[in-house]
Amino acid sequence: QKEVEQNSGPLSVPEGAIASLNCTYSDRGSQSFFWYRQYSGKSPELIMFIYSNGDKEDGRFTAQLNKASQYVSLLIRDSQPSDSATYLCAVSGGNAGNMLTFGGGTRLMVKP
Amino acid sequence: DVKVTQSSRYLVKRTGEKVFLECVQDMDHENMFWYRQDPGLGLRLIYFSYDVKMKEKGDIPEGYSVSREKKERFSLILESASTNQTSMYLCASGLYRGTDTQYFGPGTRLTVL
Numbered sequence: 423q424k425e426v427e428q429n430s431g432p433l434s435v436p437e438g439a440i441a442s443l444n445c446t447y448s449d450r451g452s453q454s455f456f457w458y459r460q461y462s463g464k465s466p467e468l469i470m471f472i473y474s475n476g477d478k479e480d481g482r483f484t485a486q487l488n489k490a491s492q493y494v495s496l497l498i499r500d501s502q503p504s505d506s507a508t509y510l511c512a513v514s515g516g517n518a519g520n521m522l523t524f525g526g527g528t529r530l531m532v533k534p
Numbered sequence: 209d210v211k212v213t214q215s216s217r218y219l220v221k222r223t224g225e226k227v228f229l230e231c232v233q234d235m236d237h238e239n240m241f242w243y244r245q246d247p248g249l250g251l252r253l254i255y256f257s258y259d260v261k262m263k264e265k266g267d268i269p270e271g272y273s274v275s276r277e278k279k280e281r282f283s284l285i286l287e288s289a290s291t292n293q294t295s296m297y298l299c300a301s302g303l304y305r306g307t308d309t310q311y312f313g314p315g316t317r318l319t320v321l
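Chains Y and B are the protein sequences, given in the same order. Each residue of the first sequence is one higher than the one before, counting from 423 in the numbering used here. Each residue of the second sequence is one higher than the one before, counting from 209 in the numbering used here.
Chain Y with its partners taken away, still in its complex shape:
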């Protein structure tokens, strides 16, 4: 069983819509949660991190964490074609200690 699960997609949304990306994790002791964006052929780029239950907003991005249900999500408001990329969820803490455990990523396509 994978420790961090993401739907591989592609998730297709029209320009201007809200894109919702989800991630579940198996280690209940996990403490830190990260979202990275990766364009094709490029390296992952940190978008945001979240440590506490609830929502954290940064511009058009909102991360949501629910530790009881063991899921973390990323909402992208007013999606743009430039948001088309693979989004990686990563988790640390618990059994992994300081190490990041990555999900397989969700490919997002924003259609003009």
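Don't read these hints as lab results, they were simulated from the structure. A couple of the hints might just be wrong.
What the simulated footprint calls covered on chain B by chain Y, stretch by stretch (three residues with Cβ under 8 Å from a Cβ of chain Y suffice, anywhere in the stretch; the number is not a length) [stated by the list, open to error]: (1) 251-262; (2) 284-290.
Below, simulated DSBU-like cross-link-like pairs (lysine-lysine); rule was C-alpha separation at most 30 Å, straight line [said to hold, decoys possible]: (3) Lys211(B) / Lys478(Y); (4) Lys263(B) / Lys533(Y); (5) Lys263(B) / Lys464(Y).
Note that CB positions come from ideal geometry on N, CA and C, so glycine has one too.
Place chain B on chain Y using the hints.
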């Protein structure tokens, strides 16, 4: 801004060659990591280091070694390259205390013929 650089963007080597991949970070981070990324397999940790001259095996260390002689530099070594080591190699660095955030270099796409 954190800057992590890798010595090559693209590299082509022959089977059996010794390959060195270099990574340098300029933010005085204690932690440095080497990953490989393959389609369908995601990011897999090869080795990491918490300090100079310190190294720890990740999930897939076989066929690789590392060296960290200076805090800012972390090298990945393929002792005898094989075709199944054709991959995208990503270096990352991060602080040890207070946050587990990792910052990635641009990556090296290695092809072993």
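Evaluated hints:
A count of 3 residues in the stretch 251-262 of chain B with a Cβ less than 8 Å from any Cβ of chain Y is obtained; the coverage claim is therefore met, three being the minimum. By the rule of at least three residues with a Cβ nearer than 8 Å to a Cβ of chain Y, the coverage given for the stretch 284-290 of chain B is violated, with 0 such residues. Annotation: proposed proximity of Lys211(B) to Lys478(Y) holds, straight-line Cα distance about 26 Å (limit 30 Å). Our distance criterion of 30 Å between C-alpha atoms is broken by Lys263(B) and Lys533(Y), whose separation comes to about 45 Å.
With a C-alpha separation of about 26 Å, the suggested pair Lys263(B) and Lys464(Y) falls inside the 30 Å cut-off, and the hint holds.
Violated hints for the displayed structure, listed by number in ascending order: 2 and 4.
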